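Chains as they are written, first to last, in the numbering used here: chain L, 250 to 543; chain S, 250 to 543.
Hints listed in this document are in silico derivations from the structure and should not be mistaken for laboratory results. Any given hint could be a false lead.
Copies of the same chain are indistinguishable here, so a pair counts whether it falls within one copy or spans any two.
[What the hints assert, rightly or not] With a Cα cut of at most 30 Å, we get these calculated BS3-like pairs of lysine-lysine:
#: 1; residue 1: LYS294; residue 2: LYS260
#: 2; residue 1: LYS494; residue 2: LYS283
#: 3; residue 1: LYS352; residue 2: LYS494
What you are looking at is a predicted structure, and each value in this text was computed from that prediction instead of being measured.
Protein chains: 2
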Amino acid sequence: MDIKSYLAESKKLIDGCLERLLPPEDEAPATIHKAMRYSVFAGGKRVRPILVLASGESMGGDREALLHLGAAVEMMHTYSLIHDDLPALDNDDLRRGNPTCHKVFGEAMAILAGDSLMTRCYQVLAELPKIQDSVKVRIVSEIAAATGTINGMIGGQVVDLESEGMPINSEILEYIHHSKTGALLTACVRCGALAAGANPEELQRLSDFGSKIGLVFQIVDDILDITSSSEMLGKTAGKDEKVKKATYPALYGIEASRKMALDLASSALKSIDNFGEGANALRSLAQFIVSRTA
Amino acid sequence: MDIKSYLAESKKLIDGCLERLLPPEDEAPATIHKAMRYSVFAGGKRVRPILVLASGESMGGDREALLHLGAAVEMMHTYSLIHDDLPALDNDDLRRGNPTCHKVFGEAMAILAGDSLMTRCYQVLAELPKIQDSVKVRIVSEIAAATGTINGMIGGQVVDLESEGMPINSEILEYIHHSKTGALLTACVRCGALAAGANPEELQRLSDFGSKIGLVFQIVDDILDITSSSEMLGKTAGKDEKVKKATYPALYGIEASRKMALDLASSALKSIDNFGEGANALRSLAQFIVSRTA
């Protein structure tokens, strides 16, 4: 499998689906729809929806349903970026190489654009095509848990904010990474599989794969923040060290962090080694996540 | 029916349910759970959950299911209050007689507390007890639409913000009131009925009742902003006029606005005049909403 063209093709499908599922820019009130679209189409790599797609397709899931699900989680991810970038939180001016939402539309509209994307995400989840109601309900529940306060995205962000400038310890670091980024990445893999009707054993294996790959993703993110330029990252580089964020390289050094990422990726691959050729996209994706440079 | 004791008893039941459904204050990360609870338990009248309860019980719905649904919409309402009060939006220091969430916990935590309450709302909706999955999915979809950007709560807030200081016209005023407050109030009545298995005709009548009572609620709110003191309202009075908000009294005068509210309330009651005694709570609630003084 050529991962580059797989990623490019998947991104195109997902962007097309997002285009259809987001309110048009000329629909009133136009400002909020412009702000939502500005951030959603600001050059994201679509890692989360591609995980949904690759996981669901490894189980023979319906592509249209998985694209809707993927688009929904990308809206969720984008809401979290918009709110995290706000002056009261991370105060970031640059995201994916572009000025952040509040820089372009003002703080009020950025707060509301984040709110709207979360709202639209749940509406899309409740209206997933070709998916049983019992599965939709479970997906809404899993996504809400993964993005909530207890071991979820918001919980991770709270602890991250509260730990800035404090001495780093490995327990807190793991909590932050597991919750802030890992939980939603794992939920992407799980929900893709649920939408495709995976059985409990398959779901367990994919959860294991997802949580390991989620951690790899975050460790690599931490490393890139140190080793890459802002231009390559499309966001302000070196920021973690400046605000003394708890990161893997800060705690273990860059080389040990790299080794941890490689070991985790190889362990993630083992979780799905009894899956057939249908899981090749998922395997390539794991390779890509551990070796990415931006 | 003694409406005062009905309201007090319902509020107690709803507060008990919110107590059970919100994460405990000592659960980590504690700060965000404290912020969520601070705003949810800051003395709200629970109008929305009581509408859910009265509507659902008029159709013979299960009380436990309706309480969960009511608690979820109250979380949604509270998220909208927390975000609306932020400095970047309405910049309000006082809400329900208490300092607003960002005044107590800071802006970052207030933004995240709002996000968390919306997230928890959807999780509770997806996990409603004793409700069929097909109904849960429909409720998630209706609540998301009622709080979204197109004719929903966020859309109303956007137009409200954009209209401040502009000349008022009746079309924009109606859009704001219908979307910002009316849509969720109507959804409360509709979803209560859906949870209770209402048939399409009953649902239509209750929707009509809900949208009229929603508008009454907002007109009375506008009037009280002028005629009441901050102390009675528990929020900053006279603020609408100060920031030149589009309101019914500003456009039509206080007396004409009062008459509109009374006419609408009587028309709302007509929509449900063929309902039996089970709808008496709903009828008393309509009377209460039109005659309230705080």
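>> Are any of the numbered hints broken by this structure? If so, which, sorted upward?
In response: Violated hints: none; all satisfied.
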